[in-house]
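Trainee: Chains as they are written, first to last, in the working numbering: chain X, -4 to 208; chain U, 8 to 288.
If you are wondering where the hints come from, they were derived from the structure by calculation, not from laboratory data. Keep in mind that the hints are not guaranteed to be accurate.
To be verified - Dumping the calculated DSSO-like pairs for lysine-lysine here, alpha-carbon to alpha-carbon at most 30 Å: (1) X:Lys203 to U:Lys120; (2) U:Lys176 to X:Lys203; (3) X:Lys107 to X:Lys203; (4) X:Lys107 to X:Lys149; (5) U:Lys176 to X:Lys107.
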Amino acid sequence: MIWSWERAAEALPVLLEGFRITLLATVLGTLIATVLGLAIAVLRRVLPGPARAVLHWLTEFVRMTPLVVQLLFAYYLLTGVSGLVIGIAVIGIHYSTYMAESYRAGIEAVPKGQWEAAAALSLPASRTWRDVVLPQALRATIPSLGNYAVAMFKDTPLLFAISVVELVTAAQQFGARNFAYTEAFTLAGLIFLLASYPTSLLVRRLEKHLAHY
Amino acid sequence: MPTTDRGDEVLDPSAAAPPADRPAGSPDVPAVEFRNAVKRFGEHTVLDGLDLTVRGGERVTLIGPSGSGKTTILRLLMTLEELTDGFVLVDGQPLTHELRDGRRVPVPPRRRKQITRRIGMVFQQFNLFPNMSVLGNITEAPMHVLGMSRAEARERAMDLLRQVGLEQKAGEHPSRLSGGQQQRVAIARALAMDPAILLLDEVTSALDPELVDDVLNVLRRVAGTTDITMLIVTHEMQFARDVSDRVLMFDGGRIIEDGSPEQIFTAPGNERTRSFLRAVL
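Next comes chain U alone, as it looks inside the complex (with noise of 0.2 Å):
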C-alpha cells in the first residue's frame, strides 16, 4: 500500500542517520511535523492527507468548527490515537510508524515511549487522579518516569504548585477543589515532567466563565517564561491572540488558513474563516 511520496530518509533510519550538524532539537527540525495524515474512524474521515510543521518553541493555535479534526492532532501526538495513514515526526523522529524498505510499519514502543514522554498534555476535563492528593498527582510522573527522589518530586511540585498559585491546596484531594484550581493543578502537574511540547485540549471549555481567566494568565505565564512548544486547541480568541505566533484554520480535516494571529484575525483570507470568527467573537 502506497503511503506517501514524500518518504525520505528521515522517515527511514535504513537509509540514513539525521546529518550530524541536524541534531534532534536544532532549529531547523520541526518539533512537530505531520506528513500526509490520514485519521478516519469507521467510515468518518477526521484528518484527510494533513500536512503540518510547528517549529521548536513555536505556539500554534488550531480554530475552527467542532469536529474538524483539531482534537484528533493533538491526540495523535499523545499516541492516544494513531494515524490510518501517513506520518508524525516529533524532533524528526517517526512517532508511531516509519518507512522501512519501502513500507509504513510501526515504531517500537520503546522508541515511542522516548518521545512522548516529552510531550506533556492538558485536558478539557483535568483529568486529575481523584484517589491522590494535589500533590500526588504532581510528584506521581516524575518520581515514576523520571526516578527522581520524593523530596525531588515534592520540592519541584511545590514550586510549581507556587506558580499556579496552589501552594496552600497540596494536601487536599482534587474533589475539594474548583474546575480553575482542579485545571491549574493540571498544567502544574504537566509541567512537572519538563516537557519540550505541551499539548492543551480546550482546557478552558469545561470551566465557569469566572474562573477561565485564572487557567488562562498561568498559562499566558508559562508561555512568557518558557520555551515550549505549545499546540493549543481553543475557543479563546484573546487567549490564542495573546499567546500564538501562528494561527490555523480547520475545516473538514484540513487547513483551509495558515498565518499569525493579526493576519487571521483581522483580515481573515478565507470566507470559512471569516464566518467561523464571526460566529465565536
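This is chain X alone, in the form it adopts within the complex (with noise of 0.2 Å):
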C-alpha cells in the first residue's frame, strides 16, 4: 500500500473545505425536507380533494423519477443560480416527498380516539393539529426522519453532476491531481464516519426523548 503523510496532509484542508460543503448541504437540505415534508402531509390531510389529489402526483412525480435528473434539470432550467443553491433546494424537495410520506404514515398512526376527544372539547383544527396529534405523529416519524437524513449525507455526492465540489468530489480531484487516491479517499471515508456517528447518536438520543412519557 502506497501511503505518504505528506500527500495526506496536503489533501485535508482540500477535503475539509469539500466536507464543508456536503455538510452544508445536508443540514440546509434536511431542514427543508423535513418542513416541506410536514407541509405536504398536512396539507394531503385538509385540502378539498381536487387539490389534494394534484399535490399527490406532483409528490409521485417527484419521487419516482431520479435524483440526478431533477438536479440536471433545474441547473440547466435555472442558468445563473449557483449550483449549490440549487443542489441544495433540489436534494430538501426530493427527500420531502419521502419525508411526507414518513409523515403520513405517523398521522395516521393516531388513534382516531384522540380527533375525537379533540372534537369532543371544541379544539379548533389549528390546535388539534399542534397540541395533539403532530406531538403524538412525530414520535413515531423522527427515526425514519434520521434515516433519511443519513441517506441525504451520503446522496450528496450527486451533486457533482451540477459541479458543486463537495467531499467526494474534492477526493477524486485530488486524487487524481496527486496521484494519491489512498491518502484522499481514506480521510474522506473518515471524515464521513466522523460526522454521521455523532449524528446517529444525536438521532439516537432524540428518540430516546421523545419515547418518554
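Mind assembling these two chains? They're in different frames, but the hints should get you there.
Mentor: Shown next, in the form of C-alpha cells:
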C-alpha cells in the first residue's frame, strides 16, 4: 500500500472544504425536507379533494424520478443560479416527498379517539394538529427522518453532476491531481464516519427523549 | 327529498326566531331533541326514524343490545357522526341540519361549533392526550377554546382533580395512571369545559371490575351536585337506576320502551326489555 503522510496532510484542507459543502447541503437540505415534508403531509389531510389529488401526483412525480435528473434539469433550467443553491433546494424537495410519507404514516398512526376527544373539547383544527396530533405523530416519525437525513448525506456526491465540489468530488480531484487516491479517499471515509456517528447518536437520543411519556 | 313533515318554525330560522318568552335553556325548550332521525352506515340502518326528547337537567340512560344505536345517538350529538336524514336540535337550535325554504340544508360550521361547545363527552377508551400531563389534558381546552388564562385554567383543573380524587396526579402523564384514574381525569377534562350536556359512552366498559366503582361514584357526585343534562350509555344497571330520571330501551334503532328506572327495572312492559334485562342483570 502506498501511503504518504505528507500527501495526507496536503489533502486534508481540500477535503475539509469539500466536507463543508457536504455538510451545508445536508443540513440545509434536511431542514427544507423536514419542513416541506410536514407541510405536504398535513396539506394532504386538510386540502379539498382536487387540490389534494394534484399535490399527490406532484409528490409522486418527484419521488419516482431520479435525483440526478432533477438536479440536471433544475441546473440547466435556472442558469445563473449557483449550483450549490440549486443542489440544496432540489435535494431538500426530493427528500421532502419521502419524509412526507413518513409523516403521513405517523399521522395515520394517531388513534381516531384522539381526534374525537379533541373534537369533543371543541379544540379548533389548528390546535388539534399542533397540540394533539403532531406531537404524537412526530414521535413515531423521528427515527425514519433521521434515516432520510443520513441517506441525504450519502447522496450529496450527486451534486458533482452540477459542478458542486463536495467531499467525495474533492477527494476524487485531489487524488487525480496528485495521484494520491489512497490518502484522499481514506481521509474522506474517516470524515464521513466522524460526521455520521455523532449524528446517529443524536438521533437515538432524540428518539429516547420523545419516547419518554 | 321530503325529510320530515314536522319542519316547523324552530327548524326554519327564516320563518320565525324562537319566541322571546321561550329562550334557549328554558324548561319548555328541550335540551336535546331528535326528530325523525335516520342514520345509515352504508346498507346498515342504525337509527330508523327516531324521535327523542330530553329536558334540560334530565338524566337519561340508554340501554339495549349492542348495535341498537345507543352510542350512535351520543356520537351524533357530539357531531362525530352526521345524520343521514332528519334533525337534531340542542336547546331548540338545529345542530347539523335545518330546514330552510322547505329544504334540509347543513348548519354553518360556526353555529354548529357554538352548540357543541356546550356539550361534553367521556369515551369508553378515555382518549386522554398521552403527550400531555394530566393537568395539561384538563387545561388545554379551557385555555384555547374558552380563552381562560393559564392560571385560571390551572386553578379550575386542580379543583376538578380534587373532586375526582386525583390532585396528586396533576403532573403525571396518563400512561402512569390506571384505567380508572384515566377515566376520572377524562371526566374532569369534560367538566372543565362547563358543559350543559354531558355524554357518557360506556365509560366503565374498558375498566377492570375493581376500578368501576371509583368512576361511578365520581359520576354519582356529579349527578348529585350539578344540573348538567346527561345522556348515559351503560351496562351498569345499578348506576343507571341510581342516577337516571328516565331509561330508554333501544332495539333495532328504535326506542321500544321509555319509562322511569323503577318501572323499567321492576316492571318492564315490553317482552324484549324483559329478556334483555334478564340477560344483563
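Trainee: Please write out, lowest number first, the hints stated earlier that are contradicted by the structure.
Mentor: 1 and 4
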